[in-house]
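Asker: One-letter residues, chain by chain:
There are 2 protein chains.
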Amino acid sequence: MTAVEPVARGAALDVPSGRPAALETPGPGDPRIARFSLNQATTKHIGLVEAVEVCRRAGVPAIGVWRDRLHEVGLEAAVRLLREAGLRVSTLCRGGFLTASGAEERAEALRDNRLAIDEAAALGTGTLVMVVGGLPAGSKDLPGARQRVVDAVGELAPYAGERGVRLALEPLHPMYVADRAVISTLGQALDIAEQFPLEQVGVTVDTFHVFWDPEVERQIARAGARIATYQVCDWITPLPADTLLARGMMGDGHIDFGSISRAVHAAGYRGDVETEIFHADVWAADPDEVVATVLRRYVEHVLVG
Amino acid sequence: MTAVEPVARGAALDVPSGRPAALETPGPGDPRIARFSLNQATTKHIGLVEAVEVCRRAGVPAIGVWRDRLHEVGLEAAVRLLREAGLRVSTLCRGGFLTASGAEERAEALRDNRLAIDEAAALGTGTLVMVVGGLPAGSKDLPGARQRVVDAVGELAPYAGERGVRLALEPLHPMYVADRAVISTLGQALDIAEQFPLEQVGVTVDTFHVFWDPEVERQIARAGARIATYQVCDWITPLPADTLLARGMMGDGHIDFGSISRAVHAAGYRGDVETEIFHADVWAADPDEVVATVLRRYVEHVLVG
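Protein chains in written order, with UniProt numbering: chain C, 1 to 305; chain U, 1 to 305.
Bound-form chain C, shown alone:
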């Protein structure tokens, strides 16, 4: 501690809140961020090449890659880029959308998921995040859609396992049940995952999607080694008009990250922790400032153990 620190601290402002930073930004090599990963969705408006540069400047050791940004660069070039930057790929986002009822759509979904598994293997990540899909247009049959997810996971799981990739079923907040994911709770995701070998099917624990659940700590404990990735962002109120963009900067909302982080740690998870923010104001901010803020907020709110 030196006399100059409070001044330096005072100079940094968090985005998008504009609040003074609560602590110094952890830099490259800081052991507190050794397990930190920047999910690309957090810097939505830049491509993979720029995101890798942002990570390098900030000393971020890992990245969660999105497929649309991967395809812009091309798989081989992306593998080279990430290797040269020394960045771990914590997850590939995302497979899934397995609820189609037509044979042709279903076959196309399976084909695309196998491609995603191949991509994950090439990137050297063991984790493919799976957003399972909502109700098909006009359907109100949640049990039917859920059964199709189980069936499709059963087809994909051995293919993934053979390639060293685990399908990380992601329960999404129940407000997305109709249009995005018919899996809404961690307990429900585990009911499916546990039908398959541990190394083939796991779950995603994302604070935004599960914090509300009175069962969350119990289900995290149950999940144990099924936890394939831990993702964080905050729950902001009032919800914005587009509820897909309600996922805010840690510390700006209502989530008690400490209790969830402790439960995830107690369950034995020691992998990367991804910041995955979907928020118009975060996306509009300078990516370097966004990453500096998420690093500070990660240390302040999320880090335990």
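Please keep in mind that the hints were generated in silico from the structure rather than gathered at the bench.
Honestly, I wouldn't trust all of these hints.
Stated by the list, open to error - No farther apart than 25 Å at their CA atoms in a straight line, the calculated lysine to any residue pairs in the SDA-like style are these: (1) U:44 with U:122; (2) U:140 with C:256; (3) C:140 with U:23; (4) C:140 with U:240; (5) C:44 with C:86; (6) U:140 with C:13; (7) U:44 with U:179; (8) C:140 with C:164; (9) U:140 with C:240.
Just so it is clear, the structure is predicted and the values come from calculations on it, not from any experiment.
Based on the hints, put chain U in the right spot on chain C.
Answerer: Below, chain U alone, put in the same frame as chain C:
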């Protein structure tokens, strides 16, 4: 069936969709609407006197009364009005908001809930719907807020029971957990209700709030005689900017009412079924047309047994 019917039918349009009515509007005395109740929230912009008139014209046998509208009229006048109209009061909406952590706010909440219980008793309804409240400003402590709900219900339950009123704990959709109700699932509501005598504390089953839950049918069966009221409205996508107004006309959204109605029936519930819609377009429509549409949609989508 007569030749003129399709023409008559074609003349009626549902609100707010503008779709042709699928069936004739059930009229006064129709046995299919013997258990139908109009929750006042559905006709948000008219007072109790007008709502009673709308019910009388349509042959609606029961009404769910809101306290703000009750207070406009005054309790004694409302009791007289409802008795003269021959309208049953299916529920009083609403008590709750029990999560305050300060002693003064807490005492005020208990006082107001006792008043609501007295009002329910005077209106002759056995059911006070309870929206339990969200996180106090600045708090992230969901377990603490939930414990305060349990404690407050414990203080209120005997008072309610002595007056023949049952507290109907309402799980609200998890998207309201931070700002409106820290009870998010039927299972969680039952975990609380079951700590108290059956005649003092029950639960509200509202399709909008519970349809997404993979446990919903199991928890409805578990609820059995704890079901104090059954409320219906639909889940519309995309969610409107104000998510409090996402509760649409039955049949316009994604909910499979049949499966929930059958579960509620199988659990033994034979009380009134309230249509409770919060939607700007429904509120903007003519109240008589709204009631005609909800009666048709109730018979088409909700009614079983």
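Asker: Would you mind marking each hint as holding or not holding in the structure?
Answerer: Here's how the hints hold up against the structure:
Restraint check for residue 44 (chain U) and residue 122 (chain U): satisfied, since their Cα atoms lie roughly 23 Å apart, inside the 25 Å limit. Taken as a hint, the residue 140 (chain U) and residue 256 (chain C) pair is honoured in the structure, with Cα atoms around 5 Å apart against an allowance of 25 Å. For the proposed pair residue 140 (chain C) and residue 23 (chain U), the alpha carbon gap of about 21 Å is at most 25 Å, so the pair holds. This hinted pair checks out: residue 140 (chain C) and residue 240 (chain U) have alpha carbons roughly 20 Å apart, not beyond 25 Å.
The straight-line distance between the Cα atoms of residue 44 (chain C) and residue 86 (chain C) is roughly 22 Å, inside the 25 Å bound, and the hint therefore holds. Annotation: proposed proximity of residue 140 (chain U) to residue 13 (chain C) holds, straight-line Cα distance about 23 Å (limit 25 Å). For the hint linking residue 44 (chain U) to residue 179 (chain U), the alpha-carbon distance of about 21 Å falls within 25 Å, and the restraint holds. Straight-line distance between C-alpha atoms of residue 140 (chain C) and residue 164 (chain C) comes to about 36 Å, which puts the hinted pair past the 25 Å bound.
For the proposed pair residue 140 (chain U) and residue 240 (chain C), the alpha carbon gap of about 20 Å is at most 25 Å, so the pair holds.
The structure fails to meet hint 8 from the earlier list, while all remaining hints are met.
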